[in-house]
Structures are given as structure tokens and as C-alpha cells.
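Number of protein chains: 2
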Amino acid sequence: MLRLDYSNCLSEIVGEQGISRQEIESLKEELVKAHKNVYEKKSKGLLGFMELPYKIDDAKKIESFAKKYKNKFENFVVIGIGGSALGNIALQTALRHPYWNLLDRKNRGGWLRLFVPDNVDPELISGLLDTINLKKTLINVISKSGTTAECLANFFVIREKLIKKVGKKNYSKHLIFTTDAQKGYLRELFNKGEAFASFEIPANVGGRFSVLSPVGLVSAAFTGIDIEKLLSGAKEMAERCKTEDVYKNPALMYAGVQYLLYKKGKIMNVVMPYSNALYGFADWFRQLWAESLGKKQNNAGQIVNVGPTPIKALGATDQHSQVQLYIEGPYDKVITFLSVEKYRKNVKIPKTSDNHYLGGHTLNELIKSEEQATRLALARQNRPNCTIILPEISESAAGELIYFFELATAYAGELFNINAFDQPGVELGKQLTYALLGRPGYEEKRKELEKQLNKNSKQMHII
Amino acid sequence: MLRLDYSNCLSEIVGEQGISRQEIESLKEELVKAHKNVYEKKSKGLLGFMELPYKIDDAKKIESFAKKYKNKFENFVVIGIGGSALGNIALQTALRHPYWNLLDRKNRGGWLRLFVPDNVDPELISGLLDTINLKKTLINVISKSGTTAECLANFFVIREKLIKKVGKKNYSKHLIFTTDAQKGYLRELFNKGEAFASFEIPANVGGRFSVLSPVGLVSAAFTGIDIEKLLSGAKEMAERCKTEDVYKNPALMYAGVQYLLYKKGKIMNVVMPYSNALYGFADWFRQLWAESLGKKQNNAGQIVNVGPTPIKALGATDQHSQVQLYIEGPYDKVITFLSVEKYRKNVKIPKTSDNHYLGGHTLNELIKSEEQATRLALARQNRPNCTIILPEISESAAGELIYFFELATAYAGELFNINAFDQPGVELGKQLTYALLGRPGYEEKRKELEKQLNKNSKQMHII
Chain Z
51 MLRLDYSNCL SEIVGEQGIS RQEIESLKEE LVKAHKNVYE KKSKGLLGFM
101 ELPYKIDDAK KIESFAKKYK NKFENFVVIG IGGSALGNIA LQTALRHPYW
151 NLLDRKNRGG WLRLFVPDNV DPELISGLLD TINLKKTLIN VISKSGTTAE
201 CLANFFVIRE KLIKKVGKKN YSKHLIFTTD AQKGYLRELF NKGEAFASFE
251 IPANVGGRFS VLSPVGLVSA AFTGIDIEKL LSGAKEMAER CKTEDVYKNP
301 ALMYAGVQYL LYKKGKIMNV VMPYSNALYG FADWFRQLWA ESLGKKQNNA
351 GQIVNVGPTP IKALGATDQH SQVQLYIEGP YDKVITFLSV EKYRKNVKIP
401 KTSDNHYLGG HTLNELIKSE EQATRLALAR QNRPNCTIIL PEISESAAGE
451 LIYFFELATA YAGELFNINA FDQPGVELGK QLTYALLGRP GYEEKRKELE
501 KQLNKNSKQM HII
Chain H
51 MLRLDYSNCL SEIVGEQGIS RQEIESLKEE LVKAHKNVYE KKSKGLLGFM
101 ELPYKIDDAK KIESFAKKYK NKFENFVVIG IGGSALGNIA LQTALRHPYW
151 NLLDRKNRGG WLRLFVPDNV DPELISGLLD TINLKKTLIN VISKSGTTAE
201 CLANFFVIRE KLIKKVGKKN YSKHLIFTTD AQKGYLRELF NKGEAFASFE
251 IPANVGGRFS VLSPVGLVSA AFTGIDIEKL LSGAKEMAER CKTEDVYKNP
301 ALMYAGVQYL LYKKGKIMNV VMPYSNALYG FADWFRQLWA ESLGKKQNNA
351 GQIVNVGPTP IKALGATDQH SQVQLYIEGP YDKVITFLSV EKYRKNVKIP
401 KTSDNHYLGG HTLNELIKSE EQATRLALAR QNRPNCTIIL PEISESAAGE
451 LIYFFELATA YAGELFNINA FDQPGVELGK QLTYALLGRP GYEEKRKELE
501 KQLNKNSKQM HII
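Residue numbers (my numbering), protein chains in the order written: chain Z, 51 to 513; chain H, 51 to 513.
Certain hints may be false.
As the list makes no split between identical chains, a pair holds if one copy fits it or if it spans any two.
Said to hold, decoys possible - In silico BS3-like links for lysine-lysine, alpha-carbon gap of 30 angstroms or less:
| hint | residue 1 | residue 2 |
| --- | --- | --- |
| 1 | K211 | K156 |
| 2 | K218 | K508 |
| 3 | K508 | K117 |
| 4 | K211 | K91 |
| 5 | K117 | K480 |
| 6 | K122 | K398 |
| 7 | K279 | K313 |
| 8 | K292 | K505 |
| 9 | K346 | K313 |
| 10 | K214 | K501 |
| 11 | K313 | K508 |
| 12 | K362 | K480 |
| 13 | K86 | K314 |
| 14 | K215 | K392 |
| 15 | K214 | K362 |
| 16 | K398 | K285 |
| 17 | K218 | K298 |
| 18 | K156 | K185 |
| 19 | K346 | K362 |
| 20 | K362 | K313 |
| 21 | K223 | K395 |
| 22 | K86 | K111 |
| 23 | K362 | K122 |
Since the hints were derived computationally from the structure, they do not count as laboratory data. Bear in mind that the values here come from a model prediction, so they are computed numbers and not experimental data.
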């Protein structure tokens, strides 16, 4: 069972840089309100992510689908970006071999290689097309709206190559669409027969909260991840967090502690797993935390420009990169360690003929000692930190972790009094992109833009 | 030639969140002083990184070495951490195929696959050993001091496996050590014949400034990167930055602008390449900036707890993850875009039968439009940002970029009035690790530690 240790956030350990037990007590009313608000939104059907752990039947269907089709293919490609890619990468990194795509089929247990080219970088996409044989490739195009520019652009590129390779009659046999059940461009294309299968993203599940929907589950199933266990782990966490008692609800406590520390100037939240396998989750968390909590307006319409900045780091690696700053720099951070009690492998460091002090230990002891040492060193320098402890990295633990972070984000949204489920700030960038690309309907925007670019070009400061 | 566009950092574009030209003018005296201090340190022989671009003969020797031995091996493994790994990864990511290790030897031009397992995670190391055939593997063990615990632990593990695989007589033929010329444990082992070759890290080159030394060059040469061109690019930048005129010295301007923005509360510096290939440089830069500038004491011995926090992001991908926060959150960031004028590949988005607006464009146009749109959207919301423009990604451009960032870091150290070349904050963590592992000489530390752990265990707050 996942545990949250917030001891090192408390002022009895880290002094005035931390929070007192009294401060948690004083926040209790707000915490209960946050909890109730979230469950009220859920009961109104607004928070689909909270229903996903219970959809075991959907998971079973996806597993059957993966078993049916895996033998026809060698590669599985996810065409998606943001919430349609980060969860896929996190699950793969956490639950499969660290060099999965280099293993042969037998060592992959017969499952597929996975590629998630989540950018429109021409060098990346061209490189992917050099590397994989499209004849042996199954492609899942994921976009909830069905209109995401990056997703469609990569899809158009790959569709053309696919047609060249397998012919007009066969290319749809390599395509799955994962999108809204009813509307959007991808759904229309599916209805026209452009993909042989489709999966539905529930309308009330936002992109960054969608990893436990078909968005994350389909690619996971095709690499042999036990997605039923993933959901059952998430369900355990969901059940555990039904209480409004902050001392029993780890997601609520995490949100509360982070909120209080933010108010005390700990405006960055560094998520630092001591595990390469969990580094993908740090990246996935970055989107969840940043896009949900970084907001201009609060729920009352006031300008607040609020939001903690999530940062990813990796232990022990970043002890040789970032920890100097965390220990000695400004008091502007809280560290969230992700700790693994038992790694899936045990590696002995052999004794040496010269009796080196490391000989006879294990890498496990070394990395655990480093983790403990870093936590202690930070605490001694009055740097607040907390630890999320996973007994081991498994499907079930990953499910718990996902749901824990998602629910904590929803709670934090209530505490910050902002809407954690929209992303109005990226709209302008999208419109400007459309204008630059000459999309019909954006002619006015384009003129305005050209004016600004002309004006700016007179103010260029370039060395 | 690399260019720095700092227009969008100026108040004429981003209002009071930016800096005025007058502020740059007023900083001129300090900038000249910073420049002079850096060159004075160089002339005293303290800043070895500034000499590296001129060591073309060393590069030639490394190239001959790589040509001589590459055909005996299939894999090149770097055993190092922090400054002994991040530069290697950055060069490989920037200058080789995005799926290099999946290409066959012919498509790699006969060069080696590269693995940089820069952690002591038992799952990672065990996974690596499953994946590569040690008989065909050349291993470069890199540690300047020759005592880095993570490096030695992984070395001991791999040495034992290697002996099992190729025998006591042959294992040293698979090992290179890169370390100090005279002292340290690794140098001693080399002198005992444990490696068939060694390379020297100059004593005056710090780990995070060492990518243009054998630390970064040897692995680059074994993957076919033209390391002479890399150095010549760095040299061009070095020559260009010999002037104390901030309007002609891009590294000095970058340091100055970042320093002024930090003073205005832009305490995070997000490095955001619009290129997957350059994402490794963002990670490399994180170490350089954080470890160099994050310091407790200034040069006068006063407690300052200073230091900007570097953050890595990736365009266009992070428009779907972090940009919401950058646009709407607190005014606490400056964005440093890394922009590529001409990608090495051109990918057409085919026209579609339904005349989709993306059809007929290229991925190149799409990603460039997104970059421009994001820059403009940030500027319109008064979010300072600057852009480092590379004409293309090449060995020469990578060399320029490396030297630019290294020198800017040295300048910034002078402006912040701290020592950019030490890392005292990580010492405590190391000592605590030694104590936990029972290293001889740390018995007292261990007792003290056990006392603290006992005390803390009574204050555990875990859910």
C-alpha cells in the first residue's frame, strides 16, 4: 500500500521553513470543504477520472483486443501529445524492461515494441519512419477532441506512408482511433472506415486525467502490462480517499501540505523518484500539476496568477546535478521523493581484492542509502520534503500512485480556489499557430499578427 | 553562427516584467568586471574549460583511437554520473539519429551503439546487463576524482560480469578509464593494468564543464561524431566572446539579462528547445546552471542562499503540459528558447481529400509556427523570454552552444558574486551515505546519524 510520509514538512523537523501541526489543524475546515466539493462535482458527473478505476469490464475488453491482434504486429505507435502521450510513456517506463525496444520478441514475452513520438519535430518523425517497418506496425491515434494539430499532422504523414507500404485496401487495418464517442474529426474519419477499431474517451475525462482510460490502457495492454491490476490499485486508492479525515486520506494531506508550503514561498514542487522506472511519472505529474493549478483567474473571477511549478528530478543521478541548489539555494522548494522499498532486481557489488568499502554491499543498499542521506541532508538544512513510499513497482502500485496524484490535484484546485480542469492559457498560442498556417477563419488574426511581427522586427535585439 | 535574441526580455515588449535598456547600460561596469575576472582566472590557469576548444590535437588522437578500436565492438558504455554523463547524452541526442541504438550497424555507419546508465538503480543496471553482450562491449569508466561512489559501484558490478564472460586475461581489453592524470583510485587501477587505455581529465576542468574534454569526446568519437568540428565551433564562440562589449558578446549579454531578470523575481530559467535533438542539452544545462549558481555563501562569506532554478521543457510537446502555467501562473520565470532555423529533415504533410488546413504544409512549418506563436503569446502576456538561434544542428553549432552556456555560467557566477566552480552543498549527503554504508572513518558520523534517525522515528507522520 502506498504511504505518504510528510514528517520532514513539519516545523518540528525543518523549523520555520516548514508548517506546524496547528496549521494543518487550522486548514481542516477548508480541507473538508475541498473534499466535499470534489465529491459533489463527481456526483454531478463532472469528474470522469474518478470513475475510471471501476471500469474493469472496459479493461477486460482492451486485454482481449490486445491478445487478438498482438501477433499480427511487431510495433505499437502512439500518435498523441500531452495527456495523450505522457501517461503511456509513464506506464511503459515504470512497468516494462528499461531497454524494452531493444529486446527481441521472446524476451518481450511476445508483446510489441512501443514508440510514442509526441512531437512534430521533423527529425523525430523522419527518424521513426526510418526505424520501424510500417507493415508490422499498429498505430493508435489519440486525440480527445479529434482536432489536435500535432496529432493530425503526424497522422497524415504516417497515413500516406502506410498507404504506400500496404496499399489503399489495407492501411486501415493498421489504425486505431481513440477519441470522443460521438464528435470530432477523428470520429468522422472512423465512421468513414479509416481505422479498423476505435476506443472512446469519456467526455467527462480531461486529457491530463485520462491515463486510466483507453488513452493509456490500450498501449499498455499491447506491451503486456496487466491493466486490470492497474485499475484495481487505483480503486484501492479511490476507496481509501473517500474519507474527509485528512489524517487518513493521503491525497488530501498531500494537497493540504503542498498548499500550505506554497503559501510559505515553496513555489516549486520537485518530484524526485529514486528509480529510473518512475521518472516517467515525474514527467506525467508535471503536466497534471502545472496545467491544472497554473491559473490567471480564481473561481471568483479575480486575477490571481497562481500556481506551483512542478519540476522533475531523478535520484541518485540528480545528486550530481540539482541537489547542490536544493540544499544551498533559496528556500523556494519542496521536494516530493518517490521511494521504492523493494526494487524488482537485486544487484550485488562484488568484494574487491583491495577491500573497497563498497564491495559486499548491493546497488540496492547504495541507492537506498543515498536516498536516505539526501532526505536527511535536506531536512538538516531546513528544506521541507515529503516521501511517497511504494512497497514495490507493480501495476497495482502504479495505479495507486496515479489516482493519488490525480485526486490530490483536484483537491489542490479547490484549495487554490481555481478551476483545475481547464487550460484557457494555451488558446492564444493555438490561434496564433492557426493564423500563421493560414487556416481558414483566421484571416483577421493573421493580419493583426503580421502587424505585431512588423512592429517587433523594428525592436529586434540580436547578438 | 549562433545568435541570441533578447528582444522579448525588454520592457519595451513585456512592460515592467522585463528590463529596460537603461538597466543593461547601468550594469555595464559590472559586466566588464565580470568579464575581466573570468579572464583573470583563466590566465591564472583556473578555468581549464576555456582551453578545451583549442585542444585539436587531443581530439585527433581520440579520433584515431576510435577508428582503431570501433570494429572490435558493437556497444560503447559510459559508466559515469552528473558531469561524466550528461554531456555524453546531450551530444549523442543532438548529433545522432533519434533511434540510434535500434539501427543496424550499417545504418550507424559502422559506429557503436551508446549506453549511458547514469544511476545506481539496480533495475537499470540489471536491465542493461540483460540487453548487451559484454563480449562486444567497450566500457569507458569516467570519474575525475576516481572515487565517485556510483561510478565505482557500477564498475565493480560490470567488471565481475566481464571477467566471467571474457576471462581474467581479457577483461581489461574492454575497459578505458577517464580520470585525473596523476591521482585517484581509478588512476591507480589503470597503473595496475585494469584498463587497456586511459584518458586524462585536466585538473583545472570541473566535472560540469568537461564535455569538451575526453569525458565527452571519447564516446562521441565512437558514435561517429566529428569532434574536431565540435571543438572548432566552440573555438569560434570563444573567440567571439573575447570582447568585453556586452552588445557583441552573447554569453555576457545572456548572463547579464538573466541576472537582471532574477533580481526582478524571475527566479526560474526554463530552457525550452523546439527540437527533440536539443532536449539533452537542456538537461546538461540544468546541471551547469544549478550546481554553479546555487550557493549559500557569496565570495565575501555572507549567507545569501542564492541561485536561479533551471527547468527543462520541450517544444512543441510542452505546449500541451507546461505552457498553461508559463502563460497564466506567477510572474516568476524567464523562458530561454533554443530555436533551429533549418532542421536536418523536411517532412511534408500530404494534402487530404477533405482539404484539411494542415495538408500541403510541412512538419517544419508547423513546429516553427508553434514556436513563433508561443513566443508571441508569452510576450503578449508580459512573460520575458529570449531565443538562442542555431542555424542548424551540427557539430559546429553544438560546440558553439556548449561554450556559450559554459562561459555565460562563469559570467553569471561573477555577477552573483559567488564561486561558480565548487559544490559544497553535496558534501553532507556524501558523508551521510558513507556513514550509512559503514565506510571506515565514518563511525562517528554513523553514531550521530543513528541518533538523529531514532529521534526522527518518534516524529514520523505517515499516512
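Can you name, in rising order, the numbers of the hints this structure does not satisfy?
As far as the earlier hints go, 2, 3, 4, 5, 7, 8, 10, 15, 16, 17, 22, 23 are violated by this structure, in ascending order.
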